[in-house]
Amino acid sequence: MARAVTPKRKAINTALAWAVGLLIFFPILWTILTSFKTEAQAINDPPIFLFFDWTLENYAVVQERSNYMRFLWNSVIIAVGSTIIGIIIAVPAAWSMAFVPSRRTKDILLWMLSTKMLPAVGVLYPIYLLFIELGLLDSRAGLVIVLMLINLPIIVWMLYTYFKEIPGEILEAARMDGASLKEEILYVLTPMAIPGIASTVLLNIILAWNEAFWTLNLTAAQAAPLTAFIASYSSPEGLFYAKLSAASTMAIAPILILGWFSQKQLVRGLTFGAVK
Amino acid sequence: MSLRNALRAATAVSTITASGALAETITIATVNNGDMIRMQGYTDDFTAKTGHEVEWVTLEENVLRQRVTTDITTKGGQFDIMTIGMYETPIWGANGWLVPLDGLSAEYDADDILPAMRNGLSHDGTLYAAPFYGESSMIMYRTDLMEKAGMTMPDAPTWEFIREAAAAMTDRDNDINGICLRGKAGWGEGGAFITVTANSFGARWFDEDWTAQFDQPEWKEALTFFVDMMAESGPAGYATNGFNENLSLFQQGKCGMWIDATVAASFVTNPNDSTVADKVGFALAPNKDGVEKRANWLWAWALGIPAGTQKEDAAKQFIEWATSKDYIELVAAKEGWANVPPGARTSLYATAEYQEVPFAKMTLDSINAADPTNPTVKPVPYVGIQFVAIPEFAGIATEVSQEFSAVYAGQQSVDEALEKAQAITTEAMEAAGY
Chain A
5 MARAVTPKRK AINTALAWAV GLLIFFPILW TILTSFKTEA QAINDPPIFL FFDWTLENYA
65 VVQERSNYMR FLWNSVIIAV GSTIIGIIIA VPAAWSMAFV PSRRTKDILL WMLSTKMLPA
125 VGVLYPIYLL FIELGLLDSR AGLVIVLMLI NLPIIVWMLY TYFKEIPGEI LEAARMDGAS
185 LKEEILYVLT PMAIPGIAST VLLNIILAWN EAFWTLNLTA AQAAPLTAFI ASYSSPEGLF
245 YAKLSAASTM AIAPILILGW FSQKQLVRGL TFGAVK
Chain B
126 MSLRNALRAA TAVSTITASG ALAETITIAT VNNGDMIRMQ GYTDDFTAKT GHEVEWVTLE
186 ENVLRQRVTT DITTKGGQFD IMTIGMYETP IWGANGWLVP LDGLSAEYDA DDILPAMRNG
246 LSHDGTLYAA PFYGESSMIM YRTDLMEKAG MTMPDAPTWE FIREAAAAMT DRDNDINGIC
306 LRGKAGWGEG GAFITVTANS FGARWFDEDW TAQFDQPEWK EALTFFVDMM AESGPAGYAT
366 NGFNENLSLF QQGKCGMWID ATVAASFVTN PNDSTVADKV GFALAPNKDG VEKRANWLWA
426 WALGIPAGTQ KEDAAKQFIE WATSKDYIEL VAAKEGWANV PPGARTSLYA TAEYQEVPFA
486 KMTLDSINAA DPTNPTVKPV PYVGIQFVAI PEFAGIATEV SQEFSAVYAG QQSVDEALEK
546 AQAITTEAME AAGY
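Those protein sequence lines, which keep their order, are chains A and B. Heads up: take any position in the first sequence, counting from 1, add 4, and you land on this note's numbering. Heads up: take any position in the second sequence, counting from 1, add 125, and you land on this note's numbering.
Just so you know, the hints here were simulated from the structure itself, not pulled from any lab data. Quick caveat: nothing in here was measured; it's all calculated off a predicted structure. We put the beta carbon where it would ideally sit given N, CA and C, even for glycine. Certain hints may be false.
As the list claims (entries may be wrong) - For the chain B half of the interface with chain A, some residues (derived, Cβ under 7 angstroms), not all of them:
1) Asn157
2) Asn158
3) Gly159
4) Val182
5) Thr183
6) Glu185
7) Val188
8) Thr195
9) Thr199
10) Gly201
11) Gln203
12) Asn369
13) Leu372
14) Gln377
15) Asp398
Given the sequences, and given the hints that come with them, work out the whole structure.
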């Protein structure tokens, strides 16, 4: 029997949720606020919260100095491209693991996940040399491939979890009705797993968008995404925190907006199977 | 078509082809320092003079170092010019990773480069990177607080004087710290500062046989002095303070003295950013009474060409433009003499207008007082003042500086840190075959 929630308890829970939410959001809020300060205000001690002369000067400087749209476009192509290719590869892989598992399926899943445990810098040189050989350095195609491979274990794992929730009998019925394997995956499984696939897509776009190690190390002037855009405003000698904050705000704004509008799918995706 | 027309057409085609072949787009990796950003703003001047376009890749210092090291060791060819420092240049030059800058034009006047900079950016007498700007370190102090403390800063003070003045200037009730110094872990941050401090107490990283020297009394004396002085007069949490944190404190009027890079002088005297712009004095970095070496370093951000670039000529033209006397005059005309890149050319310091810049003389004196080949009192087998120009140093010094930062944070004693530093360094040097 479900336990009754008293109004008092509900109020406490709501307040706690808001407090935790604000705590998590505070660094982002602070970055956004700092982007509207002068450099002197940005470093003021004690820190100034809201009452300062708001200025758009930092945004103007960043716009003047950097080709923001090029960085943004690179980010979009790399994040979306790597996710789409990852999904195309992961759907059949997750299907086979969920519906026709072998004795080694669990081992394969764990092995795939274990590749995430290797520090990226450990394979920097082999990948860099490979990229030189293949002419992929500073190319969006190269980054799409690398980020797709990096995120593939997570995509497969997430899809596997969703597919496991779908009764195998439905697919069996489709097969008995004469559906081929391709038709079974495309017209029966995929439509049923759309919510799961959508949340996987969103999460992987965010992961690819935020990836900084490979995007910084494998790009130069042409394929650099927004991570490189932010890095270009970090300075060891000189206080440019307000400009850095403006660049950061411009870099995270698209993904924040995407996350805001798709939070329902994201929460559903992240909690899928956690509560039965 | 007549012969004349045919010749005209052939000439036109060859001209277009030739100009197409001459105009290149070069890619330059650089850091986000004020002078570098200013240079990016003047790229059009270079393009107008040469026809070459420039693509900039600006990165944070440590990311840049990792990025260009990866590229140059794998011959990735991503960059035609790299912004590198005095630490990398001689090592990379010795490895054949950089194009020697020995064919520079007569107008460029390579002999005008400050000798200290030229030596630090050369290997076996060959220049491998041209200094864009150079720096040493010096004392920046609040003239009003010094006066209030009833003291007068000498041009060349001792550590004993600095400690006494710091204590006298400290006013905890008004949030004023007598002295602000780097304590942040990292070989180029707190590691650099404690190394030059140790030099000025007569300590050294290695003896002539490459044996680590942290078990010697000079290191203990230097580190103990530093920790005690900062406990008396330094800001809270200085173990995590680097250049930027101290700059912020000084600009807000919370430091009586700050010993750091000479390029900071233009920041702290800029009234747009600094609340104490008109109350700043300068002096040479201190030394322990009786020790001839001072705690000042030598550094340059320089432009080098990676071996294997396909655009060597265009890259050389850019370096000649960016590090030339003309460039200095261009910046001076547009933004004033206080904003020209300092510490690279002798002629700059002979310019009457630049001599009026308040920190010009002290910057030159500090640079001239730095000798990378004799950084400390006792003989050493290495080149470098705040670093040791061997490939292993960055890794070792980062670990050692972490141990020192733990002392500053009160997590361990001076003796414990020095013992660990000795062990870390000895092990790494043995593994490297020294």
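Tested hints:
no.: 1; hint: Asn157; result: 4 angstroms, holds
no.: 2; hint: Asn158; result: 5 angstroms, holds
no.: 3; hint: Gly159; result: 5 angstroms, holds
no.: 4; hint: Val182; result: 5 angstroms, holds
no.: 5; hint: Thr183; result: 4 angstroms, holds
no.: 6; hint: Glu185; result: 4 angstroms, holds
no.: 7; hint: Val188; result: 6 angstroms, holds
no.: 8; hint: Thr195; result: 6 angstroms, holds
no.: 9; hint: Thr199; result: 5 angstroms, holds
no.: 10; hint: Gly201; result: 5 angstroms, holds
no.: 11; hint: Gln203; result: 4 angstroms, holds
no.: 12; hint: Asn369; result: 6 angstroms, holds
no.: 13; hint: Leu372; result: 6 angstroms, holds
no.: 14; hint: Gln377; result: 6 angstroms, holds
no.: 15; hint: Asp398; result: 6 angstroms, holds
Checked against the numbered hints listed earlier, the structure breaks none of them; every hint is satisfied.
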